[in-house]
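Student: Sequence:
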Amino acid sequence: MTDSSLSIRYLEEISMTALPALHTVYYDGWVLRFAGGHTRRANSVNALYPSTLDLDEKIAHCADLYRGQGLPVVFKMTDAVIPSDLDAQLEARGFALAAPTSVQVADLRNFSLEESKSAVITSERSPRWLEAYAQMNEVPAYRRDLLGRMLDGVLTPIGYATIEQGGATAAVGLGVVAHGYVGLFDIVTAPHLRQQGFGRRIVMSLLRWGQSQGAHTAYLQVVAENTPAVSLYQKVGFREFYRYWYRAL
Numbered sequence: 197m198t199d200s201s202l203s204i205r206y207l208e209e210i211s212m213t214a215l216p217a218l219h220t221v222y223y224d225g226w227v228l229r230f231a232g233g234h235t236r237r238a239n240s241v242n243a244l245y246p247s248t249l250d251l252d253e254k255i256a257h258c259a260d261l262y263r264g265q266g267l268p269v270v271f272k273m274t275d276a277v278i279p280s281d282l283d284a285q286l287e288a289r290g291f292a293l294a295a296p297t298s299v300q301v302a303d304l305r306n307f308s309l310e311e312s313k314s315a316v317i318t319s320e321r322s323p324r325w326l327e328a329y330a331q332m333n334e335v336p337a338y339r340r341d342l343l344g345r346m347l348d349g350v351l352t353p354i355g356y357a358t359i360e361q362g363g364a365t366a367a368v369g370l371g372v373v374a375h376g377y378v379g380l381f382d383i384v385t386a387p388h389l390r391q392q393g394f395g396r397r398i399v400m401s402l403l404r405w406g407q408s409q410g411a412h413t414a415y416l417q418v419v420a421e422n423t424p425a426v427s428l429y430q431k432v433g434f435r436e437f438y439r440y441w442y443r444a445l
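The sequence shown begins at 197 in the numbering used here and counts up one residue at a time.
If you are wondering where the hints come from, they were derived from the structure by calculation, not from laboratory data. Since this is a predicted model, take the numbers as computed values, not measurements. Where hints are given, some of them may not hold.
Restraint-style ranges between C-beta atoms, simulated for each label pair [unchecked claim]: (1) A295 x L249: 24 to 30 Å; (2) P268 x S314: 25 to 31 Å; (3) Q361 x D382: 16 to 22 Å; (4) L309 x Y223: 39 to 45 Å; (5) V316 x A259: 41 to 47 Å; (6) D281 x A364: 47 to 53 Å.
For every residue, glycine included, the Cβ atom is placed at its ideal position computed from N, Cα and C.
Turn these sequences into a full structure, and let the hints steer you where they fit.
Tutor: Quick look at the structure:
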């Protein structure tokens, strides 16, 4: 798919397919995702399609559903939300801005995948990978079961990436291929081993893996304020396609 035909909405759909929530509710053009509070993107309202109901009614209904699950009321926002003034409407109702995030893409068809010492990538999740992934991403112990259940729900090719150093896990990452796109998620290095190239090795290994699974495009999501990660992805060859942010009450 070329840049001219790649839409924000389509890539949002792909990313939701790549990492499904535990429960999804479709409500008058909005996609409401629930995953017990693990990650904002899996526990938020996505206003992707045209609606027919009154906006106040819809916001109130969403708030009731999330509060009924003991969750904050969170909307995931992009420049493609419908209605187009939803961000302003939520701000006027007291929803606070949170976590501006850059969505970046790379065309793998014209991409130079440098050879480097590769990470180990498996299609099966090991307890060791899950433990390292949870620790490095600061997933609380009480949410690790939720994380495992969410990963179990992935129905498309998935790659669990690991680099070992001195008998310990140095870096981990996750890749998921859906509809010709490989998504890279939560690339993280052990704190005492950062700035040593492990993150780059994970990224390049997952890109090569994605190509082997038929992916023509790669994408990732990085918090805009995470300067080291943004710099790494730019050096690798990614560029920003759009941004998303949250409105939370």
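Student: Give me the numbers of the hints this structure contradicts, sorted from smallest to largest.
Tutor: 2
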